[in-house]
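Trainee: Residues per chain are reported as follows:
There are 2 protein chains.
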Amino acid sequence: MSVYVSPVKDMQFVMENVAGLSRVQQLPGFSDAGNDIVEAVLDEAGKFAAQLIAPLNAGADKQGARLVDGQVEASPGFSEAYKAFVEAGWASLSYDPQYGGQGLPHVLGTAVAEMWQSASLAFALCPMLTASAVSAVHRHGSDELKQIFLEKLISGEWTGTMQLTEPQAGTDLAAIKTRAVPTTDAAGKPAYRLSGQKIFITWGDHQMTDNVLHLILARVEGAPEGIRGLSLFLAPKYLLDENGKPGDRNDIYALSLEHKLGIHGSPTCVMGMGDKGGALAYLVGEENQGINCMFTMMNNARLEVGVQGLAISERAFQQARAYAGERVQGTAKDGTKQRIIDFPDVRRMLMLMKSQTEAMRALALMTAAQIDLADHADDAAQRKAAQARVDLLIPVVKGWCTETAQEITGLNVQVHGGMGFIEETGAAQHYRDARILTIYEGTSGIQANDFAGRKTLRDGGAAAKALIKDIRETVSTMLSAGGITGTLASQLAAACDGYEHSVNTLLARAGEDAGHAGAAAFNLLMQAGVVIGGWLMGQAALAAEAKLAAGDGEADFLNAKLASCRFYFAHVLPRATAYAAVVQAGSACLMEPDESLI
Amino acid sequence: MSVYVSPVKDMQFVMENVAGLSRVQQLPGFSDAGNDIVEAVLDEAGKFAAQLIAPLNAGADKQGARLVDGQVEASPGFSEAYKAFVEAGWASLSYDPQYGGQGLPHVLGTAVAEMWQSASLAFALCPMLTASAVSAVHRHGSDELKQIFLEKLISGEWTGTMQLTEPQAGTDLAAIKTRAVPTTDAAGKPAYRLSGQKIFITWGDHQMTDNVLHLILARVEGAPEGIRGLSLFLAPKYLLDENGKPGDRNDIYALSLEHKLGIHGSPTCVMGMGDKGGALAYLVGEENQGINCMFTMMNNARLEVGVQGLAISERAFQQARAYAGERVQGTAKDGTKQRIIDFPDVRRMLMLMKSQTEAMRALALMTAAQIDLADHADDAAQRKAAQARVDLLIPVVKGWCTETAQEITGLNVQVHGGMGFIEETGAAQHYRDARILTIYEGTSGIQANDFAGRKTLRDGGAAAKALIKDIRETVSTMLSAGGITGTLASQLAAACDGYEHSVNTLLARAGEDAGHAGAAAFNLLMQAGVVIGGWLMGQAALAAEAKLAAGDGEADFLNAKLASCRFYFAHVLPRATAYAAVVQAGSACLMEPDESLI
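Which chain is which? The protein sequence lines are X and U, in order.
As numbered in this note's numbering, residues 1 to 598 make up the first sequence, in order.
As numbered in this note's numbering, residues 1 to 598 make up the second sequence, in order.
A hint or two may mislead.
[Said to hold, decoys possible] Within a straight-line C-alpha distance of at most 30 Å, the following computed BS3-like cross-link-like pairs (lysine-lysine) qualify: (1) U:Lys547 - U:Lys47; (2) U:Lys9 - U:Lys47; (3) X:Lys337 - U:Lys177; (4) U:Lys384 - U:Lys146; (5) U:Lys177 - U:Lys189; (6) X:Lys245 - X:Lys146; (7) X:Lys333 - U:Lys177; (8) X:Lys177 - U:Lys333; (9) U:Lys337 - X:Lys177; (10) X:Lys62 - U:Lys62; (11) X:Lys469 - X:Lys547.
[Claimed, not checked] Examples of chain U residues lying across from chain X (beta carbon under 8 Å, computed): (12) Glu424; (13) Gly445; (14) Phe567.
[Said to hold, decoys possible] Computed footprint of chain U on chain X, listed as stretches where at least three residues anywhere in the stretch have a Cβ under 8 Å from a Cβ of chain U: (15) 251 to 264; (16) 323 to 331; (17) 416 to 428; (18) 432 to 441; (19) 444 to 450; (20) 548 to 562.
These aren't lab readings, by the way, just hints derived from the structure by calculation.
Ideal Cβ placement from N, Cα and C applies to all residues, glycine included.
Chain X on its own, in the form it takes in the complex (with noise of 0.2 Å):
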């Protein structure tokens, strides 16, 4: 088992020096927001974290939630803290005022997110649904479901599912064959039934909040085949009585559980609708519109998981840094013992999980605050902006922070030795659990398809080269700057060339060779990560070191993250040119050989 301490002084310095905090306090609604506060919030939230979730992580590992007499039964202590979540009052941080929210700053959301996270995945995959349904209800949702149904969501009282999967379609969500009847409800409201079977929910079932509101894509009766005849339903656990409590049983179970490489304390369910006449379900926006509502709640989710990636690279990092402090082996020439941070290899594999874990920190919370800007910028054209950058960044959060999150967890195991492969030792848990990030909520195939496709290609690569025009304008900030931070813009204007080369080919290419965007996207991807990471680690580095300068701030924090800096620029900006190397090799290598040459 693993110790953690939130990082609170680094989500605050990320949050100021490179996320732009100081801009989204500036913005409507967001006055109360300032640097006390922020403050307050980020170090009782990670009080919370570190003593009431973290310790329930391994327990949770060994004695997974398991599906007795037809409900769900989550891991010890779960029940317990997520109680003491909702009255706490951390599920509605970053909720609309209108319906009981404390309406704080998404970027806040995001840093107190990551710390739930780091915690305990299985345990903060609950609210983190919860918030997809929020995000849907309060988008979509007309006002009278918003009024039933919100509030309760979002104060956390009743959470939340996202129902998509059903065994023929994971990806190819045009296969989705559950069916919606047209009905109406005990009190002659318009209604649907629904009826089929969904797999892999999580937290489809449990008994930790007296509701549960299933949010679920089906198809109404005589709709289009495809994704164009998709429409999403909220259906409750407990269909409400006349006081609006939960009353009857709805026809929606949990017919099993799955049995998982990781995320035990994560309930997994098959969900079955149908027997029982049918789930009662409300509308949740337009008919044969559910896929736009879909997005809705994959884009919530695709950040949050993208922040899972970071969060549990951040518990592993500590982990393995405690370890190497700690363990000795071998003794110098001198005679005095050495402990396994003193060897070369055991820190390159400590700065590679460091170094990587702010830079994936810097990258979701400026994204974040992106979206703040986007929500609530009084000008147009800001949220315009702001908004075409979320959403090429999304998946570049979603993709490369899981894909970095397999590498940290694994350097986790690997700083550990023998015993890391041991599991009471506890790195194996964070391993294993990480492995579900690159997959669920879109693969990363599929991230780095929207990132090639959606995201570069639709709008002609001008998404992309406002990003490349910013990275820009830091290299000249750093060149102007000198110091330690002068010495790295050269590597970053090359890297940031070497971004600008591939999306070029992308774009040149996507006539004459049809292939080439799906053969290059995973490796654009990737390269845009570790570009993007650079840009916000040389943006940290010019804040640190012009605080060093200045004598503004803790000294060993700054010296660190400079050092974090420079191990940035040497170990893991290097790697974006053997992506970019992919990115030009073409489909050809892929597609011309048959496939039972493979």
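Go by the hints and put chain U onto chain X.
Mentor: Here is chain U on its own, set in the frame of chain X:
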């Protein structure tokens, strides 16, 4: 669970066209190892592995080895399979005929070992550790010791263990505390009594055979501190009676088994000696020469662990390939159902798995063939050159193949999408099992230091430069050959230049930057692996294209091989540039920051 089919065709192709089988067949002692024998052995071993071992692998994950009343119970079916394995003569394939071995070349033994490991890492660890014991006793044991024990080890009638690690002494063998006190055995022959505790002892106990021979590093009373005071001992689980049969129980016991991330079927034991007066043991080699004997065992084990990386990659590839060819997901514009193998990114993952597995196989078999040359060549200079090549390549086989196995078993999970995270699918088992490979028998960091320090710096880069010369010869041949192979030649030439530059940098900086080799080692090792893989794939492409032109051999297989080579050059070889850049980075970014800044 996944079906396994032994890749006999690729093994034959690689042995004949890349590893240099014909040269091995001309060596003294190998006249019986004609192509017909090689083919028959591969076919039969393939059937045995696929039909008798592979089906046990998933069950052994679910029900791992257990300690019951002080005795280790093997996983279901293992004991019967092991008996059949010994009876069929598989244990003795490439051992000295003087002691009952079949004397077949190591290159063939290595191909066959890959099959056992693909079938079940957990099972195959037992004969693998026995092989290390054979090599130690064969090379260092007295004639009397060999007479008594070697035939039983070679036949597999008894198995061997390798007992180095203690809680405080993992990588740092100098800290070993197990004590040996001189005594005599029941027959009055010189012996020792050992007391101490060993951890992480693979197959340290079991009841599959009627004896187990433990090879144990310990310190004779009064011996010097450090590694120069270590001696190697052989302690049988059951002492032999006057007829050479297992008699009284020796004082060496499995005290507990570890609860591990993977290879559950392989009992990882804490071993205790000395509670009943000490384990009676015989010296192997001379007193205080234990570390040399240990290196004999270790070199053998390192090659075999590299083969495990190859083997689990082959198994993972086969599973992913089968799933990708079956799993329907999505509909093409013309209305036909698509299987995921139709998607470029899935092909990318499959080809990463396939091409790297083939490159690893070529590396492992080529190294094994060099061992045959080093052991059997008539000419002393040839033996010496081959041994230098083997010494250089063993850390590459161990380090690169096991690191690559992490990627490939991870890709198998990824290709399966959500199903990959479900334990019943079996992809997760390969992923978990593979995780130990970069750790045991020397972590990747240890391999890297061995490669950069002992194998490159110590001889002033001579062995590395001999390798570079050979790679350049292949480049010339590829250029002259033209065709697809010719188009790949310049890439290999550039990659080889890059490797030479890294070696020269290592040599040049050794004086001025003491930390450089340690800081650069891992990336140098990975660079070498990728470049050598490219060299061997270049040779494979040469042979495949020549055979296609001559109408010799199976066109589908040869075209598949060419496709694999093209992909390797397009998607894998570019990684060498990223590794090379890190080798240039120097140690400052790792070693300058105070520990408190990490």
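Trainee: All hints are to be evaluated individually against the structure, with a verdict given for each.
Mentor: Here is what the structure says about each hint:
{"no.": "1", "hint": "U:Lys547 - U:Lys47", "verdict": "28 Å, holds"}
{"no.": "2", "hint": "U:Lys9 - U:Lys47", "verdict": "14 Å, holds"}
{"no.": "3", "hint": "X:Lys337 - U:Lys177", "verdict": "16 Å, holds"}
{"no.": "4", "hint": "U:Lys384 - U:Lys146", "verdict": "26 Å, holds"}
{"no.": "5", "hint": "U:Lys177 - U:Lys189", "verdict": "25 Å, holds"}
{"no.": "6", "hint": "X:Lys245 - X:Lys146", "verdict": "15 Å, holds"}
{"no.": "7", "hint": "X:Lys333 - U:Lys177", "verdict": "20 Å, holds"}
{"no.": "8", "hint": "X:Lys177 - U:Lys333", "verdict": "20 Å, holds"}
{"no.": "9", "hint": "U:Lys337 - X:Lys177", "verdict": "16 Å, holds"}
{"no.": "10", "hint": "X:Lys62 - U:Lys62", "verdict": "15 Å, holds"}
{"no.": "11", "hint": "X:Lys469 - X:Lys547", "verdict": "26 Å, holds"}
{"no.": "12", "hint": "Glu424", "verdict": "6 Å, holds"}
{"no.": "13", "hint": "Gly445", "verdict": "4 Å, holds"}
{"no.": "14", "hint": "Phe567", "verdict": "5 Å, holds"}
{"no.": "15", "hint": "251 to 264", "verdict": "holds (count 5)"}
{"no.": "16", "hint": "323 to 331", "verdict": "holds (count 5)"}
{"no.": "17", "hint": "416 to 428", "verdict": "holds (count 8)"}
{"no.": "18", "hint": "432 to 441", "verdict": "holds (count 6)"}
{"no.": "19", "hint": "444 to 450", "verdict": "holds (count 4)"}
{"no.": "20", "hint": "548 to 562", "verdict": "holds (count 3)"}
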